Amino acid sequence: MTVHQISVFVENKSGTLVKVLDLFKEAGIQLIATTISDTADYGIFRIICSEPLRAKSVLDRAGVSSSLADVFAVTLENYPGTAADAISSLSQAGIGISYLYSFMLSGKGILIFRTDAPEKTAGVITAHGMSTLDDDSLLSLV
Amino acid sequence: METGSSPFLHPQYEALSRPEIEALQLERLHDTLLQCMKSPFYRKRFAESGISPQDIRTLDDIVKIPFTTKQDLRDHYPFGLCTVGLDRVVRLHSSSGTTGKPTVILHTRKDLDQWADAVARCLYMTGLRPGDIFQNTSGYGMFTGGLGFQYGAERLGLLTVPAAAGNTRRQIKFIMDFGTTAIHAIPSYAGRLYEVMEEMGIDPRRDTRLKTLVIGAEPHSEEQRRRIEQMLGVKAYNSFGMSEMCGPGVAFECREQNGMHIWEDYYIVEIVDPVTLEPVPEGEVGELVLTTINREAMPLLRYRTRDLTRILPGECPCGRHHRRLDRMKGRSDDMMILKGVNIFPIQIETVLMQFPELGNEYLITLTNEDANDMMTVEVELKEFHDDYQRLQSLTREITRQLKDEILVTPQVRLVPKGSIPVTDGKAVRVKDLRKTLI
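Quick mapping for you: the protein sequence lines, in order, are chains V and Y.
The numbering used here applies: residue 3 is where the first sequence begins, and numbers increase by one.
The numbering used here applies: residue 93 is where the second sequence begins, and numbers increase by one.
Treat the hints as calculated values from the structure; they're not laboratory data.
Predicted model, so just to flag it, every value in this text is computed and none were measured.
One thing to keep in mind: the hints can contain errors.
[Unchecked claim] No more than 25 Å apart at the CA atoms, straight line, and that leaves these computed lysine-lysine pairs for DSS-like:
(1) K527(Y) - K21(V)
(2) K495(Y) - K15(V)
(3) K509(Y) - K58(V)
(4) K523(Y) - K27(V)
(5) K431(Y) - K15(V)
(6) K15(V) - K421(Y)
(7) K58(V) - K474(Y)
(8) K58(V) - K27(V)
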């Protein structure tokens, strides 16, 4: 139901992303999805990749501040309205979404998100019979 | 030299009682005053203020002597304070001169000998003995932390590695290859050593023989010391020195790690209010003023160090009656005045170091817009968790505690590890970008 996501704490300065991406390149780790959120105070670079655990240790060795977390990964059929249905079932249960991003892989829409109530979220996902991914099933789509 | 289990390297000086110390000081002060009369600078200074060495009968009479300042050293650069012929001077150290004209300090052979003894005494006091391997990460050359520790450590009989500053990976290779047991480093560099060891997959507690760290030259808080000790698996001893007083070896912590014994057979210590120049009450913070009483080439009388500290009250359980200086509270000329409030960088550091989430590096930037002073404090986050709420509440809590301490609300920014520039020399802690408004 969840996949590993790496979050890198980045400085708002040119060259920071390249440094991180170069580390992935040198280690031969493939990016699957990335997103950058930039507030006034912090920049956070979130990455879904082929070998998250190894990627984390590569970053640690290079002295890059990062964290590894489980985020929900839900697959959606590729027609209008599926994302709205999935999200509304969460909000009806009173669950707040901290962040969300989506991408297409092998013709499937994938929603990645984190909520303020992980256990409740898992219950809602199961109750609604949503289709989900883990690290292995995500990688098999690549 | 017999260096067995005695607690003192120089019992004849270290074990003196207070009255014995003071008797020795008065005797050495008299000799020093006579010596000073051989320098054109002091001859003129004494004549102008209408006093002569004979007017100084007791230690308390020292207040009759005018202060000596860094400006005096600059104005009489390079040899104006020298009391001996240059044919007897064997060494010269010079300050960087980054804040003005440089200053020089001159040494006779005897001066160097006494200096090495002082440093050896300090290192012995922390428990170092022949057989220990001492790696000095100070810059060598004009900077006194290099040669000062080199000769002192050699005098004690330590295997001394003049690794000098920089090249952190090479420093770590030396630590591993030579089995270094003791290191001298400034606090920010000790933190850097640990970071690079971590990157190299080295656990200093498991993989090295390090047990002693000598730290100084850069103000740091007790929290920072404890953190460095924890990281490196060492005991860290504070060292105080300044180039005008030779360099390292002026005051040092004993194994109690509670204040630095200042060697009162070398110096007469006063603590004065930096504004009124009157002595402060016992135990209160003021500017450290030192008179050298064991120096030949260039004695200094009542030298205003600009360092702020206090004398710790009470006796030290180690048995030495040489009084203890508290860790430096900053420099009277490091003080920032923001919105009319006096602030020392160490106050900010003390607050930051209480947060386990934060790393060792920080940078204070002062700006002004529309005549409004602003302080920004950037501090490294040690462990990052992708949780916006937590980052925000941490930022808020740091801001609140800083405001409680300094009475001004700073803008606090958490930044990733490694984004605050650290040079291998002294870390820049304060950047004052305020423009002068007319």
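Hint-by-hint comparison with the structure:
no. : hint             : in the structure
1   : K527(Y) - K21(V) : 35 Å, violated
2   : K495(Y) - K15(V) : 28 Å, violated
3   : K509(Y) - K58(V) : 15 Å, holds
4   : K523(Y) - K27(V) : 37 Å, violated
5   : K431(Y) - K15(V) : 31 Å, violated
6   : K15(V) - K421(Y) : 34 Å, violated
7   : K58(V) - K474(Y) : 16 Å, holds
8   : K58(V) - K27(V)  : 14 Å, holds
Consistency note: the structure conflicts with the earlier hints numbered 1, 2, 4, 5 and 6.
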